[in-house]
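Peer 1: Respectively, the protein sequence lines represent chains A and B. Heads up: the first sequence begins at 1 in this note's numbering, then just goes up one per residue. Heads up: the second sequence begins at 483 in this note's numbering, then just goes up one per residue.
Some clues are possibly wrong.
[Unchecked claim] The list that follows gives simulated cross-link-like pairs (lysine-lysine, DSSO-like), each with its CA atoms no further than 27 Å apart:
id, chain 1, residue 1, chain 2, residue 2
1, A, Lys154, B, Lys651
2, A, Lys294, A, Lys318
3, A, Lys398, A, Lys358
4, B, Lys651, A, Lys294
[Said to hold, decoys possible] Only part of the chain A face toward chain B is listed, based on derived beta-carbon distances under 8 Å:
id, residue
5, Gln53
6, Glu84
7, Lys119
8, Gly122
9, Asn146
10, Lys180
11, Leu189
12, Glu215
13, Val217
14, Leu220
15, Ser347
16, Glu348
17, Ala389
18, Ala435
[Claimed, not checked] Label pairs and their computed distance ranges (CB to CB):
id, chain 1, residue 1, chain 2, residue 2, range
19, B, Asp785, A, Pro458, 52 to 58 Å
20, A, Glu310, B, Pro821, 48 to 54 Å
21, A, Glu310, B, Val531, 44 to 50 Å
22, A, Glu29, B, Asp608, 19 to 25 Å
23, B, Val531, A, Leu97, 27 to 33 Å
24, B, Asp718, A, Gly265, 56 to 62 Å
25, B, Ser557, A, Gly265, 40 to 46 Å
26, A, Val306, B, His791, 57 to 63 Å
27, B, Val521, A, Glu429, 25 to 31 Å
Quick caveat, the hints were computed from the structure, so don't treat them as lab data. Glycine included, each C-beta is placed from N, C-alpha and C at the ideal position.
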Amino acid sequence: MAHDLIEKLREACGRENVVTHPHQLRTYESDGLLRYRVTPRAVVLPGSAEEVQKVLRACHEAEVPWVARGSGTGLSGGALPVEEGIVISVNRMNRVLEVDLPNQRMVVEPGVTNLDVSKAAGPTHFYPPDPSSQIVCSIGGNVAENAGGAHCFKYGFTTNYVTGLELVLPDGELIELGGKELDRPGYDLLGAFVGSEGTLGIATKITVRIVPVPEAVRTLVAFFEHTSNAGRVVSDIVAAGIVPGAIEMMDSLAIEAAEGATHAGYPSDAGAALVVELDGSEAECEHRFKEVEKLCEGNGATSIRVAQDEDERQLIWKARKAAFAAMGRVSTHYYVQDGVIPRTRLSEVLERIDELSKEYGMPVANVFHAGDGNLHPLVCYDGHTEGEAERAEELSGKILTACVEAGGSITGEHGVGYDKKRYMPRMFEEPDFDAFQRLRCAFDPAGMANPGKVMPTPRLCGEVPGPYRQHPLEAAGIAERF
Amino acid sequence: MTAAAEQIAECGGRGQSLRVRGGGTKFEWGTPAGDPDVVVSTAELDRIVEHNEGDLTAILEAGVPLARAQQEFASAGQMLALDPPLGAGAGATIGGVIATGDSGPLRHRYGAPRDLVLGMTVALSDGTVAKSGSRVIKNVAGYDLAKLFAGSFGTLGLILQVVVRLHPKPSQSVSAIGRSGDPDAVARGASALAHASLEKECVDVRWGGGEGAALAQLGGETAGAQAEAAARILADAGLEPAIVEDDEELWTEQRNGQRSSDRAVVRVSGLQAELARTIRVVESLGGSLVGRASLGISWVTLDPSRIGHLRRELAPFPCVVLDAPREVRASLDVWDADPSPLAQRVKHRFDPAGVFAPGTFPV
Ligand SMILES: Cc1cc2nc3c(=O)[nH]c(=O)nc-3n(C[C@H](O)[C@H](O)[C@H](O)COP(=O)(O)OP(=O)(O)OC[C@H]3O[C@@H](n4cnc5c(N)ncnc54)[C@H](O)[C@@H]3O)c2cc1C
Ligand SMILES: Cc1cc2nc3c(=O)[nH]c(=O)nc-3n(C[C@H](O)[C@H](O)[C@H](O)COP(=O)(O)OP(=O)(O)OC[C@H]3O[C@@H](n4cnc5c(N)ncnc54)[C@H](O)[C@@H]3O)c2cc1C
Chain A
1 MAHDLIEKLR
11 EACGRENVVT
21 HPHQLRTYES
31 DGLLRYRVTP
41 RAVVLPGSAE
51 EVQKVLRACH
61 EAEVPWVARG
71 SGTGLSGGAL
81 PVEEGIVISV
91 NRMNRVLEVD
101 LPNQRMVVEP
111 GVTNLDVSKA
121 AGPTHFYPPD
131 PSSQIVCSIG
141 GNVAENAGGA
151 HCFKYGFTTN
161 YVTGLELVLP
171 DGELIELGGK
181 ELDRPGYDLL
191 GAFVGSEGTL
201 GIATKITVRI
211 VPVPEAVRTL
221 VAFFEHTSNA
231 GRVVSDIVAA
241 GIVPGAIEMM
251 DSLAIEAAEG
261 ATHAGYPSDA
271 GAALVVELDG
281 SEAECEHRFK
291 EVEKLCEGNG
301 ATSIRVAQDE
311 DERQLIWKAR
321 KAAFAAMGRV
331 STHYYVQDGV
341 IPRTRLSEVL
351 ERIDELSKEY
361 GMPVANVFHA
371 GDGNLHPLVC
381 YDGHTEGEAE
391 RAEELSGKIL
401 TACVEAGGSI
411 TGEHGVGYDK
421 KRYMPRMFEE
431 PDFDAFQRLR
441 CAFDPAGMAN
451 PGKVMPTPRL
461 CGEVPGPYRQ
471 HPLEAAGIAE
481 RF
Chain B
483 MTAAAEQIAE
493 CGGRGQSLRV
503 RGGGTKFEWG
513 TPAGDPDVVV
523 STAELDRIVE
533 HNEGDLTAIL
543 EAGVPLARAQ
553 QEFASAGQML
563 ALDPPLGAGA
573 GATIGGVIAT
583 GDSGPLRHRY
593 GAPRDLVLGM
603 TVALSDGTVA
613 KSGSRVIKNV
623 AGYDLAKLFA
633 GSFGTLGLIL
643 QVVVRLHPKP
653 SQSVSAIGRS
663 GDPDAVARGA
673 SALAHASLEK
683 ECVDVRWGGG
693 EGAALAQLGG
703 ETAGAQAEAA
713 ARILADAGLE
723 PAIVEDDEEL
733 WTEQRNGQRS
743 SDRAVVRVSG
753 LQAELARTIR
763 VVESLGGSLV
773 GRASLGISWV
783 TLDPSRIGHL
793 RRELAPFPCV
803 VLDAPREVRA
813 SLDVWDADPS
823 PLAQRVKHRF
833 DPAGVFAPGT
843 FPV
């Protein structure tokens with residue numbers, strides 16, 4: 001059976017596009033979250049939607065579960081292989097199929113990188129959702145994770161920009177949802193697919209909306225003694241009805257690390273840095289920018305740097321964007337968290353994080369999308385000392401509890417995947433999971449698409465027509481019927 | 483909420499068909515089906531549960547009239563950026579607006595109900611009461627079931643409560659309008675506005691009786707200056723430009739163009755670049771049109787006898803019949819869509835008892 005499947009995959013996609021050698025399989029053992037590793041049975045790289053169909057049909061017949069993979073930058077273990085399963089990488093499907101400027105649409109294959117989508121739309125237009133991983137991550141992965149980015153406070157998330165999808169369902173059927181047009185009659189299955197973390201099918205073609213490049217962009221970075229000052233500026237900006245393209249915050253530890261790595265000129269003794277970027281019409285930008293400067297001054301900014309040209313703007317952003325990677329300078333190991341809180345609860349949650357950090361004796365750096373209330377606490381620990389990783393994870397989990405208790409979410413953009421499914425019960429109860437499962441079963445009644453992700457306990461779909469047969473996951477004792 | 487959910491569970495248990503009724507302003511939309519056994523009203527679900535000013539979010543029960551919620555938000559200088567026509571006595575409820583996916587000119591900047599609902603609690607026909615989403619503006623935990631229920635016309639379950647994202651109400655607004663009797667000029671003007679780097683709240687188009695216009699609303703502190711810029715863009719495109727400072731009526735007219743009590747209203751899901759052709763077709767059929775210029779969605783008002791012509795001319799763009807006399811809606815496929823097996827499976831999973839508005843939706 002197993003051998004049969006591999007042969008079928010080779011027939012479908014060509015021998016050279018099926019990876020089975022243990023050394024090569026290692027590349028696919030993890031995604032961006034290196035903590036978990038599973039070796040798949042094989043990796044297949046289809047080159048077209050038809051090949052994806054053949055692959056999924058073969059898996060369906062053989063009852064072998066599979067995991068779709070884009071660029072593997074996910075931070076929640078979403079593309080982590082399943083034991084004995086197949087990984088389906090869409091990397092070869094990386095063509096920009098159409099740039100339709102008059103209708104403000106683009107049609108791309110799933111393996112195109114986020115940055116290449118925006119580049120193809122330029123110089124007059126751009127694709128707003130801009131994850132920090134945009135140079136590498138794929139648009140298919142963005143769709144699956146409903147990826148966000150620094151500019152999402154004003155512009156919205158991936159889900160607000162995808163208008164059409166071609167996808168292959170787990171039984172191999174090819175369907176289209178939406179298109180270039182909006183509001184096609186029927187259920188918004190497209191809206192339900194975006195953010196479904198590879199559990200409903202494989203996107204093989206994606207139609208996105210692109211928007212005109214703003215006339216003007218103005219960027220500043222203001223420094224404060226404490227994050228609470230910067231937090232007040234964020235609240236004041238929002239209360240004044242100003243909607244910045246981006247508002248990003250860093251605390252002292254993050255500043256120290258980023259400055260060490262980039263030499264962007266951030267004062268390393270600052271307690272907080274706030275990057276504010278306004279974009280839009282020249283007149284409106286100019287007017288509002290002065291207000292933002294005043295609000296920073298009024299809340300005790302120790303210094304403010306306004307980007308005088310594009311180079312300086314890039315330098316300001318460089319420090320922010322490098323913050324994750326730069327943590328390596330401060331700590332051998334760190335754990336990236338992705339919690340969300342209502343913006344108004346910022347200072348109390350930051351205080352709680354500070355308490356936890358002291359209690360555990362582990363530094364926590366904070367980098368966040370302040371407009372959205374999306375925090376990325378980076379928990380630093382010594383990975384060479386036994387038990388520290390577990391303690392860091394525990395601390396990280398407590399931070400999420402603080403976020404949920406403040407009325408927030410366990411994930412703002414990285415997804416639930418494998419890593420966070422155990423935290424799902426902090427937000428949802430049994431009837432909620434039951435409703436999620438209904439959607440999943442409508443798309444994937446046999447449970448072959450990325451099993452073991454998102455839901456805290458694996459479950460199978462009831463009402464399978466025909467006589468009862470034991471599901472492979474049941475046999476393996478990792479799922480039961482509800 | 484518990485009482486409503488219990489009523490749903492009872493209907494499900496007994497296999498009684500039901501229709502959910504909000505304000506009843508669009509209750510007629512959809513395929514006319516036999517009378518349901520039970521009409522479930524959301525009138526009692528009328529609490530504004532929370533208005534979190536600093537977070538720009540609110541929690542509303544489904545039966546809250548949108549107009550009442552807007553008053554509350556406006557007192558804090560905020561708005562829920564949904565401005566569909568509100569129907570008789572401004573009766574439309576938040577549940578009804580979301581269930582129909584209905585929107586108005588503000589959709590240009592802020593999106594449709596699907597884009598503004600952050601979380602939702604629903605009651606299903608087997609008695610399940612489930613929530614999805616969250617109460618913060620950014621969240622990717624779990625499936626986005628609110629999107630599925632937005633625009634589902636009460637055929638999957640009862641929407642009990644929603645969390646919505648609010649926006650600051652622009653401190654002022656000024657509009658620019660460009661008029662012309664040439665469909666190409668109107669389309670050109672509309673497209674030029676759509677692609678211009680201005681802070682546009684709305685970009686609309688209208689046509690009727692051989693004359694049309696492209697118009698934009700600009701918001702913010704510099705609305706006046708931006709409206710001047712928009713007027714210049716319209717003039718360059720060959721339209722007769724004007725600035726409208728007191729622009730409320732202008733946009734009310736656009737919204738009113740989405741409804742009709744005596745003719746048929748057809749919603750066309752088209753594309754920006756097809757606007758001139760769409761206008762010509764509408765003109766040739768003696769109809770009128772309002773629409774979201776950059777989004778390609780238009781509402782065409784015409785004599786019900788011309789619906790077939792319109793569809794043939796504009797195919798393959800879907801043309802959904804909204805307002806129309808019952809006998810007209812009974813005589814054609816209002817949705818202009820074939821049911822899909824996947825949609826049927828979704829319907830079956832969420833409404834296993836099959837009691838929610840059977841026969842009214844393309845599943
Ligand atoms: C340094 C760094 C910074 C980051 N910054 C951000 C950020 O700012 N914002 C943000 O949102 N994320 C961020 N991420 C996370 C990650 O980049 C995103 O989640 C991204 O969308 C993943 O894309 P990918 O192509 O790498 O997907 P993968 O990691 O390969 O897969 C992610 C999920 O998508 C599924 N999938 C992939 N392709 C398809 C397809 N064609 N059809 C169906 N399912 C599919 C997989 O099964 C998996 O569940 C960051 C990651 C890193 C490493
Ligand atoms: C098929 C159809 C098409 C329409 N098209 C248009 C249009 O193009 N332009 C326009 O101006 N108006 C249209 N309407 C009217 C539109 O329904 C109203 O704009 C308004 O959104 C309805 O609010 P309401 O409270 O009056 O809802 P109602 O008119 O009472 O109900 C509208 C629909 O929503 C469902 N519904 C209401 N509340 C809930 C809830 N809590 N949970 C689940 N389902 C619920 C109802 O069952 C019904 O299908 C349409 C209506 C229908 C039924």
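Peer 1: Evaluate each hint against the coordinates.
Peer 2: Cross-check of the supplied hints:
The suggested pairing of A:Lys154 with B:Lys651 holds, with an alpha-carbon distance near 14 Å, which does not exceed 27 Å. With a C-alpha separation of about 25 Å, the suggested pair A:Lys294 and A:Lys318 falls inside the 27 Å cut-off, and the hint holds. Between A:Lys398 and A:Lys358 the CA atoms are separated by roughly 13 Å; this keeps the pair inside 27 Å, and the hint holds. Only pairs whose Cα atoms come within 27 Å are accepted, and B:Lys651 paired with A:Lys294 is accepted, the gap being roughly 21 Å.
This hint is violated: A:Gln53 has a C-beta 15 Å from the nearest C-beta of chain B, more than the 8 Å allowed. At about 26 Å, the closest approach between the beta carbon of A:Glu84 and any beta carbon in chain B exceeds 8 Å, and the interface hint on this residue is violated. A hinted interface residue such as A:Lys119 counts as satisfied when its beta carbon comes closer than 8 Å to some beta carbon of chain B; here the least separation is about 19 Å, so the hint is violated. Look at A:Gly122: its Cβ only gets to about 14 Å from chain B, farther than 8 Å, so that hint breaks.
Hint on A:Asn146 holds. Least Cβ distance to chain B is approximately 5 Å, under the 8 Å limit. Satisfaction of the interface hint for A:Lys180 is found here, the shortest Cβ-Cβ separation to chain B being roughly 6 Å, below the 8 Å cut-off. With its C-beta approaching chain B no nearer than about 6 Å, A:Leu189 sits inside the 8 Å limit, and its interface hint holds. Because the smallest distance between the Cβ of A:Glu215 and any Cβ of chain B comes to about 4 Å, under 8 Å, the interface hint for this residue holds.
Given hint, A:Val217 at the interface with chain B, is violated; its Cβ is 10 Å from that chain's nearest Cβ, farther than 8 Å. For A:Leu220, the interface hint is violated, the least distance from its beta-carbon to any beta-carbon of chain B being 18 Å, above 8 Å. Here the hint on A:Ser347 is broken, as its CB sits about 12 Å from the closest CB of chain B, past 8 Å. The closest approach between the C-beta of A:Glu348 and any C-beta of chain B is roughly 13 Å, which is over the 8 Å cut-off, so the hint fails.
The interface hint given for A:Ala389 is broken, as the beta carbon of that residue sits about 24 Å from the closest beta carbon of chain B, more than 8 Å. A cut of 8 Å between beta carbons decides the hint on A:Ala435: the least distance to chain B is about 4 Å, and the hint holds. Hint check: B:Asp785 to A:Pro458, Cβ distance near 57 Å, so the stated range 52 to 58 Å holds. Between A:Glu310 and B:Pro821 the beta carbon distance is about 52 Å. The supplied range of 48 to 54 Å therefore holds.
Range check, A:Glu310 to B:Val531: Cβ separation about 46 Å, and the 44 to 50 Å hint holds. For A:Glu29 and B:Asp608, the Cβ-Cβ distance of about 41 Å falls outside the hinted range of 19 to 25 Å, so the restraint is violated. The hinted window of 27 to 33 Å between B:Val531 and A:Leu97 is violated, with their beta carbons roughly 45 Å apart. The supplied range of 56 to 62 Å is broken by B:Asp718 and A:Gly265, whose beta-carbon atoms lie about 43 Å from each other.
Between B:Ser557 and A:Gly265 the Cβ separation comes to about 44 Å, which falls inside the hinted range of 40 to 46 Å. The given range of 57 to 63 Å is respected by A:Val306 and B:His791, whose C-beta atoms sit roughly 59 Å from each other. The beta-carbon spacing between B:Val521 and A:Glu429, approximately 30 Å, falls within the hinted interval of 25 to 31 Å.
Checked against the numbered hints given earlier, the structure breaks hints 5, 6, 7, 8, 13, 14, 15, 16, 17, 22, 23, 24 and satisfies all the rest.
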